[in-house]
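Chemist: These are the residues of each chain, in order.
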Amino acid sequence: MYGKIKKRSGIVRIAFLLMILLLLTGCWNNRDLTEINIVAGIGLDRTEDGKVLLTVQVVEPAAIQTVSSGKGKGGGAQPKPVFVESFEGETVFEAIRGILSIVDKRLFFSTAQVLILGERLLQKGMVEVLDFFQRENDINYGMNILVAKGVTPGEILEIENDMDSIPAVYIKETAENTVSRGTVKKTTLIDLIKDIDSGERQPAIGQITKAGDKEIRTEGVAVIKDEKLAGWLDPYETRGYMFAIGEVKSAIVNIPVDKGKIAMEIIRSKGKAKVRFENGEPSTLTIKVEVEANVGAYEGRGRLDSQDDLSILKEILKNEIKKEITQALEKAQKEYSSDIFGFGSYVHKYHPEYWKKVKKDWNDIFSKLPADIQVDVKVMRTGIIKSPVKKDE
Amino acid sequence: MVIMKTGDNNMTERKRIRKRIKVRNQSTGHDNTHTDSCEPIPETVEAVKERLGEIFFGCSDFLHREVSCGKNGLIKILVAYIDGFVDKKVLNRDVIHPVLDFLSNTELHVGSSIYELLKECVIVNNDIKEANDMQQAVDNIISGEALLFIDGENKALVIGVKAPQGRQVEEPDTEASLRGAREGFVENLLTNTVLIRKRIKNPNLKLEMMRLGKQTKTDICICYIKGIANDKIVSEVRKRLRKIKTDAILDTGIIEQYISDIRLSLFPTVGNTEKCDKLVAKLLEGRVAILCDGTPYVLTVPYLFIESIQATDDYYDHAYFATFMRLLRLTALLISNILPGMYVALVSFHHTVIPFKLMITLAASRQGIPFSPFTEAILMIIAFEFLREAGVRMPRSIGQALSIVGAIVLGEASVAAGIASNLMVIIVAITAICSFIVPPLIRATMLLRFVFLAAANFLGFLGVTLVAVAVFIHLCRLRSFGVPYMAPISPLTLSDIKDSFVLVPIWAMVTRPRILWQKNVSRRKGTNGQEAKAKS
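Chains as they are written, first to last, in the numbering used here: chain F, 1 to 393; chain X, 1001 to 1536.
It cannot be assumed that every hint is accurate.
[Claimed, not checked] Pairs of lysine-lysine residues, derived as DSBU-like cross-links and limited to a Cα-Cα distance of at most 35 Å, are as follows:
| hint | chain 1 | residue 1 | chain 2 | residue 2 |
| --- | --- | --- | --- | --- |
| 1 | X | Lys1357 | F | Lys186 |
| 2 | X | Lys1155 | X | Lys1076 |
| 3 | F | Lys228 | X | Lys1162 |
| 4 | X | Lys1357 | F | Lys51 |
| 5 | X | Lys1357 | F | Lys249 |
| 6 | X | Lys1155 | F | Lys270 |
| 7 | X | Lys1357 | F | Lys80 |
| 8 | X | Lys1357 | F | Lys105 |
| 9 | X | Lys1162 | X | Lys1217 |
| 10 | F | Lys318 | F | Lys270 |
In short, the hints are calculated from the structure, not lab data.
All chains should be modelled from the sequences, with the hints used to inform the complete structure.
Modeler: Next up, the structure:
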């Protein structure tokens, strides 16, 4: 008898524990995939009268299926794989809710590949706008953020491209290609939020422009200061900046030599931004970059047989990279006075007391400090051949 | 009989069983077709004939022959048997002929017992027993022996002239294997015991007979290797078998239901096999087998969860391959349970975890489907179960028609008509394929699949997790003849992991599964009686 009672209370206990689990559910609305609009890209801008302008690019899955399986190619009008809708609102949230009045199904933002910010939005500051994206639960924190230069986000999302049926995917993948070349920076939503939140580093966001009717171009970065757009870096400066923060994965650096041009392929690169302190005050900004490179192509008739040839090569490449970094740093210091390199985070980490004092004025201090840039280059291989086939004796 | 007569225990055990059966029969039978356990065999053949005629009234297959012989035709002998059950040729050659010959040619001295003479000198058969009362006599007749009643004796001779019954030993249909013996058990109990004995040539292989079923009086045989099997488990098997109170034992499946630890569990706690080599391997691990006359399926206990993913081929092949197959089977088991549920949870709740491109594919395949994923899944799974069941029930010759209809209707037409999505067809197909990989658990997974599906539709991944947790708690609570069902994983028995979801080469498998608590753990030591005794 006793055993039976004990057994039953065990079952009751387990059932009770399982029931408690029911309280832990977050969102439990059962919504079918066919009842949502899959958002591929989001654009945010402001109108001239200061309202938030939301643009969404929504995928039509069935249309994509027919495009990719070739069923629709036989004739007749092909269904468009995506549609783009815009809506104005006082706040982002209002715009997002308001857009439901013109689309048929609830928007699902978690799939968004890119978030494109407009210039006008950045000029007024973006923190308020981004708040919604941090608060909402089904936002993908890993989505790419780009800043539209010279065009509105809406215009970019509306392009039709043959390379990928979904323009947002085309944009995202193009941007990622360029990242590997070192001429644009990949900024995800979570990176941006972290940078703004800590104040140790000013965000630099990749830039996107239109190139013709059907293509976009992602090169250069937008420099942000105090959550507002401060200016732009061109592709070469961007690469210098990327070298300094150690984010160049592979890039081609052309260097002039006396008998032609050599394209050096960077295969590995490390960069570190530090601040040297003297008597408790920062004295110099140091950037230390280590680069490993291969000879990609030699357009000329020089020789590459000896160790000496290579060491000359090394020297030239070193100077070239140094030049790019210097340009980027100077622009960030003199023109924008915005610490996009993240020297601040070094100071915060190693001199926290000092950091507390200067946190607010760090950008000004940063822009006045002299810089010491060290580049260490290793030329690893010259490819299968050494000297060009046709070479001078 | 193949029953071993060496072990004294066995004999006493059998007598006790007999007694029980007798007692039970005594308590039920009252009309004149039943016999009292103590009813003596009448001394005159006439009376015996009359009594047997009463008992077997209306049994057209009951035959008897009265022989009057002796020089003056005064000695009467009655041979009684069931038609078709005994080999008439052998009966004539070995019994009737010698008896007639003997009695008509021999002068009988006063006081010499014909009974003893016949038993010892005349009958050429070597399987002769005695029946001391009517009950025993009737029991023997109906189990296919020939009975010889002699005038003036209250005993009868039981002569084993059973004709070979049933089909030949064949390869079992239900358990295919790439390698290993092709012999499967048949419906005849004695053939089966011979098949086992052939593989274990050791008097320690014990075969204990008993009879179950008030009406059917089916022969049941408990089989184990003394010195390896745990005595407690053996006696537990005996105890549970004796507790069975039923009219009929038609298959071991009925026994299985009676002796399971938790009778309402979805999961089998009693194993069954048709393959001889598999059964022998289980006996050698220290398990106990229950054979039943009339069915080729032999039960093995204790039966643990891990046995459902073990196959005989595993042990005959390289360990790498076997380990891979075991993991594959485990994965298949998991998939066949939760895949439809996971899919429903994914497309109904957790859109955020679907990668972008997959999501577009999913959404595109679901476009225009009028049902919710849950309804769609239920419809498709039920359609598949129809197909499967039809495949089992229908006559073999129309199988082709079914497969065509099944493939076209389920696979093509439902998608083309926009009733089911491509993906759902794939999901159901994978689930179905996977469910066939682990045959012992087909029934459990079939039902659990729906539970997972319902939970997924209600709570998404959380629901799937809850059901999984509940199932695991249940599995860990299950016992098979006192042995934890999830062993060797829970409780963790490190030495038994060697033959679980991984498999070590057979030469490294030195010990038997420890969880069964055998007496003789090492596979390398002999199992003859003395050694076992010394150990215990």
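Chemist: Determine for every hint whether it applies to the structure shown.
Modeler: Hints versus structure:
Simply put, X/Lys1357 and F/Lys186 have alpha-carbon atoms about 21 Å apart, close enough for the 35 Å limit, and the pair holds. The straight-line distance between the Cα atoms of X/Lys1155 and X/Lys1076 is roughly 14 Å, inside the 35 Å bound, and the hint therefore holds. Distance restraint check for F/Lys228 and X/Lys1162: the Cα-Cα separation of roughly 102 Å exceeds the 35 Å cut-off, and the hinted pair is therefore not satisfied. A hinted pair counts as satisfied when its Cα atoms are at most 35 Å apart, and X/Lys1357 with F/Lys51 qualifies at roughly 33 Å.
For the hint linking X/Lys1357 to F/Lys249, the alpha-carbon distance of about 26 Å falls within 35 Å, and the restraint holds. Pair hint X/Lys1155 plus F/Lys270 does not hold up; C-alpha atoms about 105 Å apart against a cutoff of 35 Å. Between the alpha carbons of X/Lys1357 and F/Lys80 the distance comes to roughly 17 Å, so the proposed pair stays at or under 35 Å and holds. The suggested pairing of X/Lys1357 with F/Lys105 holds, with an alpha-carbon distance near 20 Å, which does not exceed 35 Å.
This hinted pair checks out: X/Lys1162 and X/Lys1217 have alpha carbons roughly 17 Å apart, not beyond 35 Å. Of the pairs offered as hints, the one joining F/Lys318 and F/Lys270 holds, with about 14 Å between alpha carbons and a cut-off of 35 Å not exceeded.
Checked against the numbered hints above, the structure breaks hints 3, 6 and satisfies the rest.
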